[in-house]
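Enquirer: What follows is each chain in one-letter form.
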Amino acid sequence: ETGVTQSPTHLIKTRGQQVTLRCSSQSGHNTVSWYQQALGQGPQFIFQYYREEENGRGNFPPRFSGLQFPNYSSELNVNALELDDSALYLCASSRTDLYGYTFGSGTRLTVV
Amino acid sequence: AQTVTQSQPEMSVQEAETVTLSCTYDTSESDYYLFWYKQPPSRQMILVIRQEAYKQQNATENRFSVNFQKAAKSFSLKISDSQLGDAAMYFCAYRRVNSGGSNYKLTFGKGTLLTVNP
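Quick mapping for you: the protein sequence lines, in order, are chains A and B.
Its first residue numbered 1, the first sequence is counted upward by one per residue in this note's numbering.
Its first residue numbered 1, the second sequence is counted upward by one per residue in this note's numbering.
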């Protein structure tokens, strides 16, 4: 069984730029969630996608957006990057009928 | 809103000994799930153990066990016979049971950094 793969592993962007992070879900999982983990903090829920639609969102502004594709892979897009967006971004996939989550190893985003 | 509190930013234990990590949570729900995740330097969150709130029996997974006190809203993790590979950040997390939308989200605590000394 495949795990969750995220790319890239590290990324440096300039304030004001846009970034796209990618996630390939575990085989058989139809739901994907994204989390932001600032340094020294626990992960914070950004949003969740099911059947290619966002069906849950945390306290993040609209410049954080996402996509889920028919093969259940996903993207997280962040526009107008701010310094505070520097964090580890984690993707987690799951099946809606189960409560287990499989996490990827994350993308470390640094905004300068 | 649900909150999860881990009051121990750091803990240390000698190899082969036992350590307990604390977690408290706040919720008005009667049914929910609780989790302990381990995050080593590789950054991937690894599920250690989970507990369904409707089950009175405490969950165990090999050397890992929990003490779930529902009335006190406490969910501690005990690691027995600690090994060097147990060194990591440990996060306690909560999830509602009801289906749909952001109910599937995990709410995490701030974590406890566990050091295992040889």
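Any given hint could turn out to be false.
For each label pair, taking beta carbons as the anchor points, the in silico distance ranges come out as [claimed, not checked]: (1) B:Ala-1 to A:Gly-3: 27 to 33 Å; (2) A:Leu-67 to B:Tyr-54: 32 to 38 Å; (3) A:Gln-17 to B:Ala-72: 46 to 52 Å; (4) A:Lys-13 to B:Arg-63: 20 to 26 Å; (5) B:Pro-118 to A:Pro-62: 46 to 52 Å; (6) A:Phe-60 to B:Glu-17: 40 to 46 Å; (7) B:Ser-80 to A:Gln-17: 47 to 53 Å.
Note that these hints are calculated values from the structure, not bench results.
Glycine included, C-beta positions come from ideal geometry on N, C-alpha and C.
Enquirer: Decide, hint by hint, whether the structure agrees.
Expert: Each hint tested on the structure:
1. Taking 27 to 33 Å as the suggested C-beta distance range, the pair Ala-1 (chain B) and Gly-3 (chain A) conforms, at roughly 31 Å.
2. A C-beta distance of roughly 36 Å is found between Leu-67 (chain A) and Tyr-54 (chain B), which places it inside the suggested range of 32 to 38 Å.
3. A hinted range of 46 to 52 Å for the beta carbons of Gln-17 (chain A) and Ala-72 (chain B) is consistent with their spacing of about 47 Å.
4. Between Lys-13 (chain A) and Arg-63 (chain B) the CB atoms are about 42 Å apart, so this pair departs from the stated range of 20 to 26 Å.
5. The supplied range of 46 to 52 Å is met by Pro-118 (chain B) and Pro-62 (chain A), whose beta-carbon atoms lie about 50 Å from each other.
6. The given range of 40 to 46 Å is respected by Phe-60 (chain A) and Glu-17 (chain B), whose C-beta atoms sit roughly 41 Å from each other.
7. Remark: the range hint 47 to 53 Å for Ser-80 (chain B) to Gln-17 (chain A) is upheld by a beta-carbon distance near 48 Å.
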